[in-house]
Amino acid sequence: MKNVKITINGIETTVPENYTAMRAAEEMGYNIPRLCFLKDINETSACRLCVVNVKNMRGLKNSCTLALQDGMEIETDSKEIRDSIIQNLQLLASNHVFECWACDRETSCELLNLMRRYDVDNVFGENLRDFFKKDRQINDTSDSILLDSGKCILCGRCVSACKQFTELNILDFNERGNETYVGPALFHSMADSGCIECGKCIEVCPVAAIKPKPEVDNVLSALEDETKKVIIIPSPSVAVTVAEDFGAKLGANVEGQLNEAYQLLGFDDVMNYSLGKDLSIIEESNELIDRLSKDESTPFLSSNAPGWMQYIEQYEADYLSNVTSAKPAELVAGALVKHYFAEKLGYNKADTIVVAVVPRIDRKHDAKRSGNSYRGLADVDHVITTSEFARLLKRQGIDLLALAPSSKPHGELASKVFKEDVLHPNIGFAEATFKTASQLLQEDVQEMTFTPSKENEKIEEASYHLNGKKISIARISHVKSIKEFFRVLKAVNKTYDYVEMASSQNSNVVGGGSPIQPSKVQDGFNVIGLRAEALNDSVNDKEIRYNCYSEEASNIYNDFFKHIGSELAQDLLHIQYSPRKYYKD
Amino acid sequence: MLERAHVLICSGSNCVSRGAKTLRDEFEEHLDRLDIRSEIKLVNTGCVGLCEQGPFVIVYPEGVFYAQIKPKHIKEICEEHLYKGRIVEKLVFNDALTETKEVLALDEVRFYKKQYKIAMRNCGFINPDDIEEYIAKDGYRGLGKALLDMTPKEVIDEMTESGLRGRGGGGFPTGVKWGFAYNNDSDQKYVICNADEGDPGAFMDRAILEGDPHSILEGLMIAGYAIGASKGYIYVRIEYPTAIEKLKNAIKQAKELGLIGNNIFGTDFSFDIEIRLGAGAFVCGEETALIASIEGERGMSRNKPPFPAAKGLWGKPTIINNVETLANIPAIMFNGAEWFGRVGTDKNKGTKVFSLGGNIVNAGLVEVPLGTTLRDVIYDIGGGIPNNKALKAVQTGGPSGGAIPEHLLDIPIEYETLIDAGSMMGSGGMVVIDEDSCMVDICRFYLDFTVDESCGKCTPCREGTKKMLEMLNIISSGHGTLETIDQLETLAKMVKSSSLCGLGQAAPNPILSMLDHFRDEFEAHVVDKTCPGGVCKALINFFITDKCIGCTKCAQNCPVDCISGTIKQLHTIDQSACIKCGACQNVCPVDAIITT
Chain W
40 MKNVKITING
50 IETTVPENYT
60 AMRAAEEMGY
70 NIPRLCFLKD
80 INETSACRLC
90 VVNVKNMRGL
100 KNSCTLALQD
110 GMEIETDSKE
120 IRDSIIQNLQ
130 LLASNHVFEC
140 WACDRETSCE
150 LLNLMRRYDV
160 DNVFGENLRD
170 FFKKDRQIND
180 TSDSILLDSG
190 KCILCGRCVS
200 ACKQFTELNI
210 LDFNERGNET
220 YVGPALFHSM
230 ADSGCIECGK
240 CIEVCPVAAI
250 KPKPEVDNVL
260 SALEDETKKV
270 IIIPSPSVAV
280 TVAEDFGAKL
290 GANVEGQLNE
300 AYQLLGFDDV
310 MNYSLGKDLS
320 IIEESNELID
330 RLSKDESTPF
340 LSSNAPGWMQ
350 YIEQYEADYL
360 SNVTSAKPAE
370 LVAGALVKHY
380 FAEKLGYNKA
390 DTIVVAVVPR
400 IDRKHDAKRS
410 GNSYRGLADV
420 DHVITTSEFA
430 RLLKRQGIDL
440 LALAPSSKPH
450 GELASKVFKE
460 DVLHPNIGFA
470 EATFKTASQL
480 LQEDVQEMTF
490 TPSKENEKIE
500 EASYHLNGKK
510 ISIARISHVK
520 SIKEFFRVLK
530 AVNKTYDYVE
540 MASSQNSNVV
550 GGGSPIQPSK
560 VQDGFNVIGL
570 RAEALNDSVN
580 DKEIRYNCYS
590 EEASNIYNDF
600 FKHIGSELAQ
610 DLLHIQYSPR
620 KYYKD
Chain C
8 MLERAHVLIC
18 SGSNCVSRGA
28 KTLRDEFEEH
38 LDRLDIRSEI
48 KLVNTGCVGL
58 CEQGPFVIVY
68 PEGVFYAQIK
78 PKHIKEICEE
88 HLYKGRIVEK
98 LVFNDALTET
108 KEVLALDEVR
118 FYKKQYKIAM
128 RNCGFINPDD
138 IEEYIAKDGY
148 RGLGKALLDM
158 TPKEVIDEMT
168 ESGLRGRGGG
178 GFPTGVKWGF
188 AYNNDSDQKY
198 VICNADEGDP
208 GAFMDRAILE
218 GDPHSILEGL
228 MIAGYAIGAS
238 KGYIYVRIEY
248 PTAIEKLKNA
258 IKQAKELGLI
268 GNNIFGTDFS
278 FDIEIRLGAG
288 AFVCGEETAL
298 IASIEGERGM
308 SRNKPPFPAA
318 KGLWGKPTII
328 NNVETLANIP
338 AIMFNGAEWF
348 GRVGTDKNKG
358 TKVFSLGGNI
368 VNAGLVEVPL
378 GTTLRDVIYD
388 IGGGIPNNKA
398 LKAVQTGGPS
408 GGAIPEHLLD
418 IPIEYETLID
428 AGSMMGSGGM
438 VVIDEDSCMV
448 DICRFYLDFT
458 VDESCGKCTP
468 CREGTKKMLE
478 MLNIISSGHG
488 TLETIDQLET
498 LAKMVKSSSL
508 CGLGQAAPNP
518 ILSMLDHFRD
528 EFEAHVVDKT
538 CPGGVCKALI
548 NFFITDKCIG
558 CTKCAQNCPV
568 DCISGTIKQL
578 HTIDQSACIK
588 CGACQNVCPV
598 DAIITT
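Sequence order for the protein chains is W and C.
Residue 624 is where the first sequence ends in my numbering, and the numbering goes up by one at each step.
Residue 603 is where the second sequence ends in my numbering, and the numbering goes up by one at each step.
A hint or two may mislead.
Claimed, not checked - Per label pair, the in silico range of CB-to-CB distance: (1) W:225 / C:245: 48 to 58 Å; (2) W:40 / C:160: 49 to 59 Å; (3) W:358 / C:281: 49 to 59 Å; (4) C:354 / W:95: 38 to 48 Å; (5) C:314 / W:69: 49 to 59 Å; (6) C:302 / W:485: 19 to 29 Å; (7) W:564 / C:354: 23 to 33 Å.
Stated by the list, open to error - Calculated lysine-lysine pairs in the PhoX-like style (CA-CA distance at most 20 Å, straight line): (8) C:536 / C:587; (9) C:124 / C:108; (10) W:78 / C:311; (11) W:529 / W:383; (12) W:94 / C:500; (13) C:587 / C:544; (14) C:503 / W:94; (15) W:601 / W:447; (16) W:623 / W:202; (17) C:238 / W:118; (18) W:493 / W:458; (19) W:407 / W:118; (20) C:124 / C:238; (21) C:575 / W:94; (22) W:118 / C:560; (23) C:97 / C:124; (24) W:529 / W:519.
Unchecked claim - One side only, chain C facing chain W, incomplete, derived with CB under 8 Å: (25) 114; (26) 312; (27) 470; (28) 481.
None of these hints come from the bench; they were simulated from the model.
Glycine residues also receive a C-beta, built at the ideal position from the N, C-alpha and C atoms.
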């Protein structure tokens with residue numbers, strides 16, 4: 040790469056030719072304001088806050104995409120630039136609903152941070168006699184996502200993210216000019232928009248214009264209700280992400296502090312998410328063995344990617360028979376709490392409230408599916424995201440980082456279900472399912488080694504011996520969206536017995552529910568990678584398993600379900616998915 | 008058989024909307040009746056420019072210019088002029104009659120005398136539906152010359168030498184622009200004709216598309232040959248149905264003759280042209296938004312650089328030229344750069360078409376050599392201001408331009424001089440503003456337009472134009488202070504410097520130029536709480552003076568019944584109930600109602 044020599048604010052610097060003015064300035068230590076730019080995702084130059092002056096160029100230029108030329112003289116700060124930034128912030132503020140204290144993004148709002156930095160006077164927004172404020176529209180028809188035009192600054196990041204990560208273009212600009220707002224096309228509600236609730240839009244939003252459908256208040260009510268026993272199921276990633284909302288660095292592990300916090304918040308007990316995953320995988324393994332013996336339609340598909348099931352229901356319903364019917368981990372865990380453990384603990388199952396804390400908003404939708412209940416009792420009553428959980432902690436005045444860590448959560452149930460050995464939290468579905476299947480068949484557990492496919496660079500292949508057969512397994516990695524997964528899948532003529540969407544391996548830390556980092560952090564750090572790494576490290580001092588037929592799981596089957604795949608197990612641990620229509624149909 | 012007379016019927020959209028559609032039928036009927044049908048050739052032409060006086064019928068060989076023709080007049084023209092050879096003087100355009108009742112030929116008429124037609128050379132003279140007529144006027148010879156005698160590089164050099172600059176408003180040298188695209192290697196390049204004319208009141212592009220569509224096709228093909236493109240698009244708004252029809256027909260005819268297609272003129276050059284319809288958004292005239300629209304995306308601007316010449320339509324090098332620019336190109340290619348350079352001034356060669364409108368006698372399209380003064384255009388060609396009112400300013404460049412005050416009327420029309428005067432060339436709107444107008448109100452009009460037309464992508468344009476309009480409303484309603492004016496000016500400067508595309512960058516121009524030249528009018532609104540032009544309703548009151556004859560007309564026409572008085576007595580207006588609609592003033596037979 041060639042270098043170019045430029046000056047920024049009179050200081051000479053040499054940077055690679057492919058740098059933008061913004062990157063060059065930021066590497067020098069300048070913090071360039073921005074609200075729309077997000078590298079490789081949204082490069083639309085729309086917010087006009089990152090403007091700089093370039094010698095011999097007319098007007099102010101947005102630095103975020105400004106290509107560099109040798110000898111360029113750039114100025115990042117002057118009265119003109121500052122005034123321009125302040126006035127543009129005033130314009131954005133004029134339509135923004137400032138109720139910061141009641142806002143999910145109180146501590147991570149990129150607009151508010153800039154308003155503070157530039158000491159902006161809300162001249163238009165405070166003078167409603169002379170200046171118009173747009174009507175606030177709240178689109179809350181989805182089970183998982185809430186759109187609030189009163190917060191939206193029309194940066195377009197969500198629109199771009201939706202396009203790139205789903206290729207479904209659910210979100211776009213409606214109307215135009217001053218009347219523009221973001222939402223599903225043609226005034227449709229989120230509920231029938233075809234959205235798969237992957238949460239990418241939430242992860243990129245600089246404000247709280249798109250957020251998880253809030254459920255914290257419901258959890259608080261449950262906690263305050265003395266007739267209820269409230270059990271929390273925290274997913275493993277919460278321990279390595281929640282602290283971000285308390286100002287800790289990326290990947291900080293606060294598992295010990297959380298173990299104390301659950302009790303302080305008033306939860307009666309804590310259920311192990313991984314036990315739910317054990318049973319879920321066991322049921323899936325059993326289904327796999329069954330399928331392989333019956334020659335049912337292949338491949339058997341699996342993934343933990345956000346939006347996975349919703350995508351298949353709405354866009355690839357033909358594949359519904361190829362996916363497992365085993366419920367996701369937190370629902371299995373919830374069902375176990377209500378129908379197995381409650382009685383043992385002396386709880387009335389109808390008065391037992393289960394709260395799951397997950398990194399993914401699509402789980403909110405899952406919990407509300409009618410199939411995810413048994414005898415009128417929902418498996419999980421409330422699903423809150425990691426960042427909602429952080430808010431709950433703050434609301435209750437719990438200073439998470441100051442708590443003295445405890446090695447295990449407190450509670451009678453917790454003492455039963457949290458064991459020394461743990462399932463590796465980042466284990467792939469294929470690996471967990473096949474190794475568990477070997478266990479169930481009392482065969483040798485083999486290593487699963489993937490090698491790149493010769494046919495398609497996006498596919499890795501492996502084989503595994505099960506029940507006397509050689510099973511061909513594919514892992515489709517490096518796909519950006521589920522749509523692309525199916526494109527690749529349909530393009531390979533080869534018949535695989537089992538296909539996993541492997542970019543779902545980080546599904547534990549993505550999905551719109553984890554704390555949201557400002558764009559500068561998202562650009563500068565591999566946020567997802569660091570979180571996944573922290574999750575890996577979180578089990579370093581533990582006894583790690585790569586299969587799911589654990590001692591505790593085996594006890595539950597013997598004691599309660601009688602055997603794997605029993606009728607009761609079918610009722611409690613499986614769900615039937617069916618095709619779902621959205622407005623385009 | 009050769010006809011002894013040609014009758015040209017202006018069928019431009021303006022004349023058609025004034026009833027020109029049935030004129031041809033009338034002619035045919037009467038010519039048949041007189042049995043001279045075979046001696047007379049009827050030609051439906053494009054716009055002849057002087058739209059205010061339409062519909063027109065022009066009879067050659069004399070060049071007699073009949074104006075404001077209605078179907079009922081045709082009988083007389085046929086019987087008198089075409090049958091008996093006697094010019095029907097009472098139907099001849101006023102300015103074409105001398106004081107001695109001598110009938111002037113068309114090009115002797117004052118409106119046309121100082122004009123010089125290059126872009127509109129065929130408009131109003133040929134039948135746009137007949138490719139033969141275009142060819143007879145040297146059509147497609149420029150293309151032939153380029154393809155057969157010149158290399159693409161030579162074509163670009165010729166174009167650069169001619170000094171032709173973009174007529175869409177920016178004024179960027181066309182040859183230089185082509186050179187950029189020529190130098191960018193690519194397997195595919197595109198040329199686009201920007202026919203998304205959007206300035207309120209401007210219609211020169213429509214007139215050219217309707218009156219001489221082949222010149223656009225030829226210009227587009229020469230551009231394609233020059234930069235190495237084999238595909239051209241014409242992006243035209245769906246509100247121009249006649250233009251679209253003429254273009255489609257022209258493309259069909261050109262394809263039939265092999266002028267569009269493979270191996271044109273037996274050379275290796277192949278070219279195809281496709282029409283793309285726009286939904287009429289002003290921003291789609293901005294080239295990056297136009298490209299987005301053709302690609303099927305929302306019409307929203309994109310960041311420049313990269314410029315379209317490097318990365319345009321579908322990421323390929325693309326040249327976008329405006330209709331008027333393209334119309335000039337065949338003539339330049341055929342006649343040479345040197346010929347083109349004889350018209351205009353040193354840095355501003357050739358001509359420019361303007362849509363003359365507002366408070367002007369001869370509203371319509373005028374094409375003048377660059378360097379002509381505004382005064383010549385307004386007073387000589389345009390015939391001055393109606394009712395002998397004084398001129399206050401002239402707005403060029405539409406909502407993207409500014410107002411040039413009376414004392415600057417003698418500046419020559421050039422890209423640079425107009426910018427120095429606080430306005431711009433723009434695509435050619437020229438609105439004459441007389442002394443009875445309010446500059447705050449005119450700013451409101453233009454800002455209202457840009458607020459509507461902002462695509463909503465970038466902050467300053469989406470929100471800033473709206474806030475500027477609101478500030479103008481504050482001023483116009485009398486609630487403003489001197490601080491409001493300062494605030495407005497600061498915001499306008501910011502929107503100009505930090506907007507993403509040309510629309511936002513130019514939207515504050517009317518405000519900035521009016522504040523520059525007419526700040527006192529703004530100040531009158533906020534300090535004295537008066538509207539000097541008598542336009543801003545919140546600041547004016549209607550009164551009945553003692554000239555009132557008590558006819559009761561005003562009281563009968565008042566929509567809110569706030570005028571009282573008995574017959575033959577002085578009437579009075581209840582100020583608390585008056586909505587200032589002006590209905591009373593319009594009906595008063597003795598001008599007894601005044602505003603203060």
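Hint check:
In this structure, residue 225 (chain W) and residue 245 (chain C) break the distance hint of 48 to 58 Å, their C-beta atoms being roughly 20 Å apart. For residue 40 (chain W) and residue 160 (chain C), the Cβ-Cβ distance of about 33 Å falls outside the hinted range of 49 to 59 Å, so the restraint is violated. Remark: the range hint 49 to 59 Å for residue 358 (chain W) to residue 281 (chain C) is contradicted by a beta-carbon distance near 39 Å. In this structure the supplied range 38 to 48 Å is violated for residue 354 (chain C) paired with residue 95 (chain W), their Cβ-Cβ distance being about 20 Å.
Evaluation of the 49 to 59 Å hint for residue 314 (chain C) and residue 69 (chain W) yields a failure: the beta carbon distance comes to about 27 Å. Between residue 302 (chain C) and residue 485 (chain W) the C-beta distance comes to about 51 Å, which lies outside the given range of 19 to 29 Å. For residue 564 (chain W) and residue 354 (chain C), the Cβ-Cβ distance of about 53 Å falls outside the hinted range of 23 to 33 Å, so the restraint is violated. Distance check on the hinted pair: residue 536 (chain C) and residue 587 (chain C) sit about 16 Å apart at the alpha-carbon level, within 20 Å; holds.
For the suggested pair residue 124 (chain C) and residue 108 (chain C), the alpha carbons sit about 28 Å apart, so the restraint of at most 20 Å is broken. Taking the CA atoms of residue 78 (chain W) and residue 311 (chain C), the gap is about 17 Å. The hint holds against a cut of 20 Å. In summary, the hint linking residue 529 (chain W) to residue 383 (chain W) is not supported, as the alpha carbons are separated by about 49 Å, beyond the 20 Å threshold. Restraint check: the Cα-Cα separation between residue 94 (chain W) and residue 500 (chain C) comes to about 19 Å, which is no more than 20 Å; the hinted pair holds.
A C-alpha spacing of about 6 Å is found between residue 587 (chain C) and residue 544 (chain C), which places the hinted pair at or below 20 Å, so the restraint holds. Between residue 503 (chain C) and residue 94 (chain W), the direct Cα distance comes to roughly 18 Å. Compliance with the 20 Å bound is thereby established for this hinted pair. The straight-line distance between the Cα atoms of residue 601 (chain W) and residue 447 (chain W) is roughly 30 Å, outside the 20 Å bound, and the hint therefore fails. Simply put, residue 623 (chain W) and residue 202 (chain W) have alpha-carbon atoms about 17 Å apart, close enough for the 20 Å limit, and the pair holds.
Annotation: proposed proximity of residue 238 (chain C) to residue 118 (chain W) is violated, straight-line Cα distance about 47 Å (limit 20 Å). Distance restraint check for residue 493 (chain W) and residue 458 (chain W): the Cα-Cα separation of roughly 42 Å exceeds the 20 Å cut-off, and the hinted pair is therefore not satisfied. Restraint check for residue 407 (chain W) and residue 118 (chain W): the C-alpha separation of about 54 Å exceeds 20 Å, so the hint is violated. Restraint check for residue 124 (chain C) and residue 238 (chain C): the C-alpha separation of about 29 Å exceeds 20 Å, so the hint is violated.
Distance check on the hinted pair: residue 575 (chain C) and residue 94 (chain W) sit about 74 Å apart at the alpha-carbon level, beyond 20 Å; violated. For the given pair, residue 118 (chain W) sits about 60 Å from residue 560 (chain C) by alpha-carbon distance, which is inconsistent with the 20 Å threshold. Restraint check for residue 97 (chain C) and residue 124 (chain C): not satisfied, since their Cα atoms lie roughly 28 Å apart, outside the 20 Å limit. This hinted pair checks out: residue 529 (chain W) and residue 519 (chain W) have alpha carbons roughly 16 Å apart, not beyond 20 Å.
With a least beta-carbon distance of about 42 Å to chain W, the hint placing residue 114 (chain C) at the interface is violated under the 8 Å criterion. The beta carbon of residue 312 (chain C) is positioned within 8 Å of a beta carbon in chain W (closest approach about 7 Å), and the interface hint is therefore held. Taking 8 Å as the C-beta cut-off, the interface hint given for residue 470 (chain C) holds, the closest approach to chain W being about 4 Å. For residue 481 (chain C), the interface hint holds, the least distance from its beta-carbon to any beta-carbon of chain W being 5 Å, beneath 8 Å.
Checked against the numbered hints above, the structure breaks hints 1, 2, 3, 4, 5, 6, 7, 9, 11, 15, 17, 18, 19, 20, 21, 22, 23, 25 and satisfies the rest.
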